[in-house]
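The residues making up each chain are set out below.
Number of protein chains: 2
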Amino acid sequence: MSKVRLGIIGMGNMGSGHLRNYIKGKMPEIEITAIADLVPARLEAALSQVAGGRKNNPEITVPECFASGEELIKKGKVDAVLVAVPHYDHPKYVIMALDHRLHAMSEKPAGVYTLQVREMIAAADRHPDLVFGMMFNQRTNCVYRKMREIIKSGELGAIKRTSWIITDWYRSQYYYDSGEWRATWAGEGGGVLLNQCPHNLDLWQWICGMPKTIDVKMHFGKWHDIEVEDDVTAYCEYENGATGTFITTTGDYPGTNRFEIVCEGGTLVSDKKSLTLSKLNMTIDEYSKTNRTATFGHPECVTSEVETDGLNEQHPGVLNAFAGAILRGEKLVADGREGINGLLISNAMHLSAWTGKTVEIPFDEKQYYDELMKHAASSRLKKGSSTKIGNTEGTY
Amino acid sequence: MSKVRLGIIGMGNMGSGHLRNYIKGKMPEIEITAIADLVPARLEAALSQVAGGRKNNPEITVPECFASGEELIKKGKVDAVLVAVPHYDHPKYVIMALDHRLHAMSEKPAGVYTLQVREMIAAADRHPDLVFGMMFNQRTNCVYRKMREIIKSGELGAIKRTSWIITDWYRSQYYYDSGEWRATWAGEGGGVLLNQCPHNLDLWQWICGMPKTIDVKMHFGKWHDIEVEDDVTAYCEYENGATGTFITTTGDYPGTNRFEIVCEGGTLVSDKKSLTLSKLNMTIDEYSKTNRTATFGHPECVTSEVETDGLNEQHPGVLNAFAGAILRGEKLVADGREGINGLLISNAMHLSAWTGKTVEIPFDEKQYYDELMKHAASSRLKKGSSTKIGNTEGTY
Chain A
6 MSKVRLGIIG MGNMGSGHLR NYIKGKMPEI EITAIADLVP ARLEAALSQV AGGRKNNPEI
66 TVPECFASGE ELIKKGKVDA VLVAVPHYDH PKYVIMALDH RLHAMSEKPA GVYTLQVREM
126 IAAADRHPDL VFGMMFNQRT NCVYRKMREI IKSGELGAIK RTSWIITDWY RSQYYYDSGE
186 WRATWAGEGG GVLLNQCPHN LDLWQWICGM PKTIDVKMHF GKWHDIEVED DVTAYCEYEN
246 GATGTFITTT GDYPGTNRFE IVCEGGTLVS DKKSLTLSKL NMTIDEYSKT NRTATFGHPE
306 CVTSEVETDG LNEQHPGVLN AFAGAILRGE KLVADGREGI NGLLISNAMH LSAWTGKTVE
366 IPFDEKQYYD ELMKHAASSR LKKGSSTKIG NTEGTY
Chain B
6 MSKVRLGIIG MGNMGSGHLR NYIKGKMPEI EITAIADLVP ARLEAALSQV AGGRKNNPEI
66 TVPECFASGE ELIKKGKVDA VLVAVPHYDH PKYVIMALDH RLHAMSEKPA GVYTLQVREM
126 IAAADRHPDL VFGMMFNQRT NCVYRKMREI IKSGELGAIK RTSWIITDWY RSQYYYDSGE
186 WRATWAGEGG GVLLNQCPHN LDLWQWICGM PKTIDVKMHF GKWHDIEVED DVTAYCEYEN
246 GATGTFITTT GDYPGTNRFE IVCEGGTLVS DKKSLTLSKL NMTIDEYSKT NRTATFGHPE
306 CVTSEVETDG LNEQHPGVLN AFAGAILRGE KLVADGREGI NGLLISNAMH LSAWTGKTVE
366 IPFDEKQYYD ELMKHAASSR LKKGSSTKIG NTEGTY
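Residue numbers (my numbering), protein chains in the order written: chain A, 6 to 401; chain B, 6 to 401.
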């Protein structure tokens, strides 16, 4: 095949965003041949998006419409699916697709609880010849790629401290009211950690490794009329004794995106789009142990802006790599199996908040599931809210 | 009187720094007429400092030397004393000075535990005609003064979140080995919170108000061979529900000094010497409640660098204001009574670490004292370390 025939399951904010990128010609090796949604109006909106695009480019395929993901998987003329339904159902459709011999790309988060994600990974392991990817589009960001490259190279030595203030996820009440499933335990399974932060939790572990313990202070519906968390301050410890903090909210504007990694041999700080490296001439420990003369002495340090390749291909980049993986066995931006890592951190944070205790990773995943189900059972219905589709451009 | 005759008790790092400023002519209304130290070599070193200064300016007074603070207070020809001995004894000498009808300036912290500071405040209250000041030299910093001015003006509305990463307090092992009392429970009563951070804890509450609860993750001797804390991550909540974090260490270099205050109507961030204000066109809550059209909408925001008066008079500024208060009833940089606030936060942090629990302010100050004494009783002696004086210029 020369192009991957892709079916999108779920034409909400994300699904229609992917379709928009396709229409704009950003995915040259992908053809969107099928779309599915439970809401007919969304399919109609998608078809009129396509019709508009075809005025400029008649080669854009008109996708076949399906009333459910299951139908698309069973009857759609597709090689692969992109699952963009609410989080709880990511594993369900990925498993169904893989078991129907389709390649699968899942929107983040990988799921809401890790037990279901483990089932999804088992399905992927049953089909090692199929490609399974996770939509971690922020991994294409040159700043985060460069941070990972520097940390993994070992040139700065071991990590001592990580600190991410990632509060530029502002959402108004209107956003939360735009979908009945949003910001409910039953519909979404969490708030800022499940919807906005899967990117950051993934990048945090992708660059710095998995934390060993998590302690969290979490506030539910603090800045919005919602039942899930919209304000989180987390503290973690790593295997080597390093510590970390992760602060997020959807209640601040303009918010901050400042990610600091302190290592034995220097410090790396990204602040929005900038990346600064302060590099020492020896490790801090070496200095501390050898200095015999200067009461207030310190190692020498050179601080400079780090150059990156400037590339930031985002969602089309992830999907183009997905196509490359299917067509030519190329590398994915993120293997689907890696989706569990950020979710483990996210679940550990909720478990810490619910139990008021430090949570060690790995934790009792059944306990987390039971707690989540208790919350879901008491979830209040959002009556009077209708489901609207917003333009996501520039928001993630 | 036209000048205040000042006696310095304690000629260690801080005392000799103040003397140096005096010799440089930075305190025109102060005459240092007496100095005291238990170590004769320190007094000799101070006298040779003065002798060196008198070569350029013969009007510099040669101070009378005393072998103890008590002698200086009883026999020195002074109007006021500056107490620059190890922290535990700040209240003792301040009380003694006030009760001998001398004005008093205390180095920070106000003391090691709040019970002794309350005795000091009671002494000040017994002598309302005497001036009692606290050496919070960082309150003279234009950036912090401006932050306080903006927050207190109310133009940004209530505080929602504070976050101070103040890790630019690097100290090597040599620093800790430079004095026997340093970094011991018995000699200093704490580590980075008691020695380096009194400035920041004071500024944090001076600008943002006192927290209501404190939760802390504290590491003792993590980066140095010391028994007290050198790595602290604190979380707090304020009366109005706002949250805060305070991260500090003496183990990082070059370290960070980034202080962020998020308010309903905007965000103020100081990063080293810069001060940035992001101001919204309405409060975030107002936007969230009135937006009815934009799924990913947000208020308008203008971000700009804040101009300050550029002044940063530091220790001489505090002492010149002290002289002005004595001579003409002018305003102090920091009234001595305010020293208890930062110490309450510091003590609450230790208590949280020792008990593993959230500490509410006010807390049981006797419990803190008892815990501290337990630690002091098991304090290991630092044998083989001698007492050296370092040049503190530019370190605080």
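Hints in this document: simulated from the structure, not taken from any laboratory.
Please note that a few of the clues may not be correct.
Chain copies aren't distinguished; within one or between two, either way the pair holds.
[Unchecked claim] Pairs of lysine to aspartate or glutamate, EDC-like flavour, derived with a Cα cap of 16 Å:
no.: 1; residue 1: 278; residue 2: 34
no.: 2; residue 1: 294; residue 2: 305
no.: 3; residue 1: 97; residue 2: 232
no.: 4; residue 1: 227; residue 2: 269
Just so it is clear, the structure is predicted and the values come from calculations on it, not from any experiment.
Taking the numbered hints from earlier one at a time, note which ones the structure violates and give those numbers from smallest to largest. As far as the earlier hints go, 1 and 3 are violated by this structure, in ascending order.
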